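Peer 1: As a plain string of letters, each chain reads:
Protein chains: 2
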Amino acid sequence: MKKVAIGIDIGGTNTAIGIIDYEGKCLAESNISTAAFNTPELLVEEASTKIKSMLNSIKGIEVLGIGIGAPNGNFFNGSIEYAPNLKWKGVVNLVKLFKPYFNLPVYVTNDANAAAIGEMIYGVAKGVDDFIIVTLGTGVGSGFVSNGKLVYGHDAFAGELGHVIIDENGRQCGCGRKGCLETYASATGIVRTAKEYLFLKKEDSLLREIEFENITSKDIFEAAEKGDQIALDIFDFTARKLGFSLANAVAISSPKMIVLFGGLAMAGNLILQPTKKYMEEYMLKIYKDKIPIVLSSLMNQNAAILGASALVWDQIK
Amino acid sequence: MKKVAIGIDIGGTNTAIGIIDYEGKCLAESNISTAAFNTPELLVEEASTKIKSMLNSIKGIEVLGIGIGAPNGNFFNGSIEYAPNLKWKGVVNLVKLFKPYFNLPVYVTNDANAAAIGEMIYGVAKGVDDFIIVTLGTGVGSGFVSNGKLVYGHDAFAGELGHVIIDENGRQCGCGRKGCLETYASATGIVRTAKEYLFLKKEDSLLREIEFENITSKDIFEAAEKGDQIALDIFDFTARKLGFSLANAVAISSPKMIVLFGGLAMAGNLILQPTKKYMEEYMLKIYKDKIPIVLSSLMNQNAAILGASALVWDQIK
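Chains as they are written, first to last, in my numbering: chain A, 143 to 459; chain B, 143 to 459.
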């Protein structure tokens, strides 16, 4: 019997489901529309039906558990708590909702934590006991792994590197405070930087050909790839803020490696190289030239499902 | 047979030794002069003789191990590495040096880590799986405990909260960089603040009665206790920097509590209350009003020996 884990990624639009083996191979995959269901009960019912039919289509497997990655997923109580981009409000206990359908352990966590565990079980951090993953998406999330275990903190809310304040007089953040890393090093942050730079600087730029209000992080990436100086400067500024934050995070957890994940990380060396340069510049001497920054190896696969399923293996380990 | 652990605290001037039971009771205690020995071999020989005679004086005990706290002590390799305030230079492997004298496990770590483990085994953080201890001495050290384990990082160098940069244009730090927390929230940092305040402000102050160059953190404490406004402002400024740093550290590890230890922590509510106030102000909403800041309960005892001995119980656990 081949042991497998079920991974479920609940997003605002879609819910993706996969049956995953210990090597990270996806044996079956399916999607349902999150938005089509008005209550979490109905979504869970439909997901359970889908899962049962997927399981029936694969021979010779033993299912060990269900891992769920969701916005504001709380590992300690198995709930989604006040997720801003889901229809259902309040606290929704997913473990309880899945229990009637499966006699299996069910684990829930947030996206960044799932990414961390995914990287530890299947990815570049396989076998690494101490690392940091930073997810550079619309916002900035993170997962800290220490002594081979994810740092959840006492209430499962640890790992908010995106809300570490790096400049107390800095940019207004959605959280109500100022100067959080997320206001600089996210997809939305880099667009803010682009608008500032285009407004303040006089140089020509490919970005000036795009309507100011419509500039995206992808536009900045494409311009930088073509050697556009303002776009390159925008990446440099972003990397400086990220490198600064990483140097400080290293002083706390001294990781063996730092993994970058998500949209901005897709920019590859455009973000990796300057971030590494600034991190080394800002870092305390005892940490210098020891800590590689690497890209997630799961980004081109279905990382969210993999991360969710990895919760199951992590709990068995 | 009563189980006991040996705790050894190696300081620049003195080396303190204690035989400690699991409740943190010191059954025997002794001191030798570190500075009197020109080589670590001679110090270890003398310490071993002392320990053997101490052990012979107590009936009915079983010794489980030796824990050593030392400046720049490295838990992973059992060495003191380039300690600035000891006579011996380079890397000194204490585990190897003690081996010929005792058939016992020997553990080594630095002072802040020993304080963290001491607090977890005997102190206010007993049974707490997620906390931060900050040691406010000549410098600022820290220990992060997560999932019931000290965060050593991949190289045993984790927990340098004192060298987290809180203002990249801030005060010059001994580490060569600028704006480290240590330049503000240590005994030396608060004296720097006092000198700045006395120079820049015009108000009268008890501190003006002391020769400018000779002001100590104790003087500032005593003046603040008498209600001296400038001294109170100095504490407020220090607490603000510390509170800011703690709010950021909370976003990473979401601890159940924060423990303050060391000289500045002895100022009690003068430092505790404003630090808590600023930490709450700077903190992300999800962490607000959840995390107490408390004083170490070991400060008035021989905390350094206790911390060192706690390494033994922690390894058994």
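Check before you lean on any hint, since a few could be wrong.
One copy or two, either will do: identical chains are not told apart, so a pair holds if it fits within one copy or between any two.
[As the list claims (entries may be wrong)] Computed cross-link-like contacts, SDA-like style, restricted to lysine to any residue with a CA-CA straight-line distance of at most 20 Å:
#1 Lys459 x Asn289
#2 Lys343 x Ser195
#3 Lys192 x Ala178
#4 Lys268 x Asp297
Honestly, the hints are just simulated from the structure, not real lab data. Owing to the predicted nature of the structure, the values given are computational and were not obtained by experimental measurement.
Peer 1: All hints are to be evaluated individually against the structure, with a verdict given for each.
Peer 2: Quick rundown of the hints versus the structure:
1. For the homomeric pair Lys459 and Asn289, the shortest alpha-carbon distances inside one copy (13 Å) and between copies (15 Å) are both at most 20 Å.
2. Taking CA atoms no more than 20 Å apart as the test, Lys343 paired with Ser195 passes in neither setting, with 58 Å inside one copy and 76 Å between copies.
3. Taking the closest pair of Cα atoms, Lys192 and Ala178 come within 20 Å of each other only inside a single copy of the chain (15 Å); across copies the shortest separation is 75 Å, beyond that limit.
4. In this homomeric assembly, Lys268 and Asp297 come within 20 Å of each other (Cα to Cα) only across copies, at 18 Å, whereas the closest approach inside a single copy is 26 Å.
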